[in-house]
Amino acid sequence: MFPPLRLDPAALLGEISAFQRKLAAGLGNLAHQLEPEYANTPREAVYREDKLTLWHMKGQGAPTAKTPTLIVYALVNTVWMTDLQEDRSLVRNLLEQGEDVYLLDWGYPDGADRWLTLDDYINGYLDRCVDAVRRYAGVDAVNLLGICQGGTFSLCYAATHAEKVKNLITMVTPVDFQTPDNMLSSWSRELDVDRFVDTMGNIPAELLNWVYLTLKPVRLNQQKYVGLVDILDNPKELVNFLRMERWIFDSPDQAGEAFREFIKDFYQQNKLIKGEVVIGDKPVDLGMITQPVLNIFAEQDHLVPPDASRALGRYVGTTDYTQLAFKGGHIGIYVSGRAQREVPPAIHQWLSTRN
Amino acid sequence: MADQASDLLKDYQAMAQQSWESWTRYLQQQATTATNPFASVAPMPHAGASNDLLARSMAALKSYGEWLQGAASSGLGQGGGDWQHALQNLYASLSGQPFAHAFATLDSEAARSFGQMWQGWLQANQSGTAGFAFDVEHLAAFGYTRERQLQQQALAAAMREYLDSANKYQGLIQRANAEGFERLQAKLAELGSSNHQIESLKGLYDLWVDGAEEAYAKIALSEEFRHIYGLMVNAQSRVRELQQQQLEAYCRELGMPTRSEVSALSKRLHELRREVRAKAAAAGSEELMALRAEVAALKRQLASKPAAEKVTAKKSATRNSKRAVEEEVVVRRAKPAAAVAARKTVVRGATRTRK
Numbered sequence: 001m002f003p004p005l006r007l008d009p010a011a012l013l014g015e016i017s018a019f020q021r022k023l024a025a026g027l028g029n030l031a032h033q034l035e036p037e038y039a040n041t042p043r044e045a046v047y048r049e050d051k052l053t054l055w056h057m058k059g060q061g062a063p064t065a066k067t068p069t070l071i072v073y074a075l076v077n078t079v080w081m082t083d084l085q086e087d088r089s090l091v092r093n094l095l096e097q098g099e100d101v102y103l104l105d106w107g108y109p110d111g112a113d114r115w116l117t118l119d120d121y122i123n124g125y126l127d128r129c130v131d132a133v134r135r136y137a138g139v140d141a142v143n144l145l146g147i148c149q150g151g152t153f154s155l156c157y158a159a160t161h162a163e164k165v166k167n168l169i170t171m172v173t174p175v176d177f178q179t180p181d182n183m184l185s186s187w188s189r190e191l192d193v194d195r196f197v198d199t200m201g202n203i204p205a206e207l208l209n210w211v212y213l214t215l216k217p218v219r220l221n222q223q224k225y226v227g228l229v230d231i232l233d234n235p236k237e238l239v240n241f242l243r244m245e246r247w248i249f250d251s252p253d254q255a256g257e258a259f260r261e262f263i264k265d266f267y268q269q270n271k272l273i274k275g276e277v278v279i280g281d282k283p284v285d286l287g288m289i290t291q292p293v294l295n296i297f298a299e300q301d302h303l304v305p306p307d308a309s310r311a312l313g314r315y316v317g318t319t320d321y322t323q324l325a326f327k328g329g330h331i332g333i334y335v336s337g338r339a340q341r342e343v344p345p346a347i348h349q350w351l352s353t354r355n
Numbered sequence: 001m002a003d004q005a006s007d008l009l010k011d012y013q014a015m016a017q018q019s020w021e022s023w024t025r026y027l028q029q030q031a032t033t034a035t036n037p038f039a040s041v042a043p044m045p046h047a048g049a050s051n052d053l054l055a056r057s058m059a060a061l062k063s064y065g066e067w068l069q070g071a072a073s074s075g076l077g078q079g080g081g082d083w084q085h086a087l088q089n090l091y092a093s094l095s096g097q098p099f100a101h102a103f104a105t106l107d108s109e110a111a112r113s114f115g116q117m118w119q120g121w122l123q124a125n126q127s128g129t130a131g132f133a134f135d136v137e138h139l140a141a142f143g144y145t146r147e148r149q150l151q152q153q154a155l156a157a158a159m160r161e162y163l164d165s166a167n168k169y170q171g172l173i174q175r176a177n178a179e180g181f182e183r184l185q186a187k188l189a190e191l192g193s194s195n196h197q198i199e200s201l202k203g204l205y206d207l208w209v210d211g212a213e214e215a216y217a218k219i220a221l222s223e224e225f226r227h228i229y230g231l232m233v234n235a236q237s238r239v240r241e242l243q244q245q246q247l248e249a250y251c252r253e254l255g256m257p258t259r260s261e262v263s264a265l266s267k268r269l270h271e272l273r274r275e276v277r278a279k280a281a282a283a284g285s286e287e288l289m290a291l292r293a294e295v296a297a298l299k300r301q302l303a304s305k306p307a308a309e310k311v312t313a314k315k316s317a318t319r320n321s322k323r324a325v326e327e328e329v330v331v332r333r334a335k336p337a338a339a340v341a342a343r344k345t346v347v348r349g350a351t352r353t354r355k
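Chains as they are written, first to last, in this note's numbering: chain Y, 1 to 355; chain C, 1 to 355.
Treat the hints with caution; some may be incorrect.
Unchecked claim - No farther apart than 20 Å at their CA atoms in a straight line, the calculated lysine to aspartate or glutamate pairs in the EDC-like style are these:
1) LYS271/Y - ASP119/Y
2) LYS279/C - ASP131/Y
3) LYS224/Y - GLU214/C
4) LYS22/Y - ASP206/C
5) LYS224/Y - ASP206/C
6) LYS267/C - ASP50/Y
7) LYS168/C - GLU261/Y
The hints are simulated quantities; they were obtained by calculation from the structure and are not laboratory data.
Using the sequences and the accompanying hints, generate a full structural model.
Dropping the structure here:
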């Protein structure tokens, strides 16, 4: 049996000096960086309302898919995670496969949006975007691809507007909000969300980002930036890192009323799986989802634990249910190299047999 | 060997300090120049704030630098024998908080500044009543300022509640630190028994991060954490609520619009928008229903006619339709006034034909 630490003094000092040197040498690169751009896949705005924009994404060639796919992202970040950079873009990959892709960009709510409810988001904005896609593409029903909270919205929508949804894809979507490993759920359980929203109004993005960082405080507040030092001298890697930082922290505030409802009904009372969610005047019964469903989740997801997503299979009414587990995390499922190779082709293949 | 290591450490510490100071100065210059092109002429009033933000961003690296220094001076590199003792030295030198920065941000960005602000208020309040030998917070209020006394007492009580819960929360964080250290030791012992060795400080750091995150996750998912987290956030909301009430009273006295007035207006506007939209949708829906009913009636009418009559009607319709097209052609060539009259005729004719 050896001692577990073999730290040679000279090597140790060499390591520390190397760290300082890398840091000092890389500072110039950090100081002169411009704001990193997203992939900026060509796109056309086909519908606008209040803060939201519905984008029709343009590929190199005309889409071969007959049914358009509308990507619905969460309210807490921007949809550009799906089109982060040229070689890491779910959107580009789907376009290359021949899919006809639309993106719902919710925009950045401000004080004027304080009273927006889940009814406004789901039966209002989302429904009108679906109608806009249907009109624009000349189809009766669209494919919905909901991501994270956007997946939850898509489930609510598909259950209550079945005739407008042909196929449903959910990615890293919480369904059972009270699995034992769900830290966000646990923390929200004793929150007086009424007083919280009443005194905050809209919920600041900075506050929510802080909450997300505290899910893994040492990794996300420190270890990640220690790793940054190793790539300070690599312009490409550095820009990729900074682009990701932009996406993580450039987040919209949350409309207070919708936040209140989401925390109460979904996190605190777990109503979705109990069939007790009511959006506006429409009761949401997951059993009413009879469209084909593809449920993709990440096995190392710290925001939406896999079991929270897996639960969907037990509650949807469809007989055509497919589940895909991805080896990675909540973000890696969009931006990792493996994700580019595995996820968009899997989506395309699944859709192509159902369009 | 120990002397040699000691000299090296002294040299290193001097160099590390110089290095840290120089690149912090460099970054601060960059930040000031970047935000203020006239910095050399007149310092910007917010230069301090900018430096503070920068310092917060760089704190993760500074903290890691301090960790490295602590590790280097703890004796970890001076002989592999008593690694446990050296590790204890390191833990003690870091005051039992090896990731102080990462955990400190748990309440520094959003909550500590909040706590500090109100702690100051609390102290000022206490100093204003220093002459009293009894508990002002629980003194029965009376006189002209009775209502304001009650408000102040409520605010002081809420602030104490917040500070109490924040202290309990810090206790849990401290426990996570201690348990993280225990986990690190267990992990190292496990490595030793499997004849594996760590040969770099980065390797030790990463293993420690693993231990810290595991310990934190276990505590953060506990019922106790959930309860204290809820207490802390709710207490903060209560302080904010009382503070807003006082602020609103001042604003009213100064004739300024208050937050709740603006919020109430915004709510009414939002409800009005929803009402208008719902009415428009209902009207559209009624029109659609009426048209559908008319189509259905026409179909029934058509279906009830004998087959021969249908054929005649069809031929007649075709003839009428052709005539209508011919008339339309004529109409387009006719003078405007005649054209309008002719169009009306065509429309009436077409309606009759459909019936």
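Original post:
Which of the listed hints are not met by the structure?
Top reply: 7
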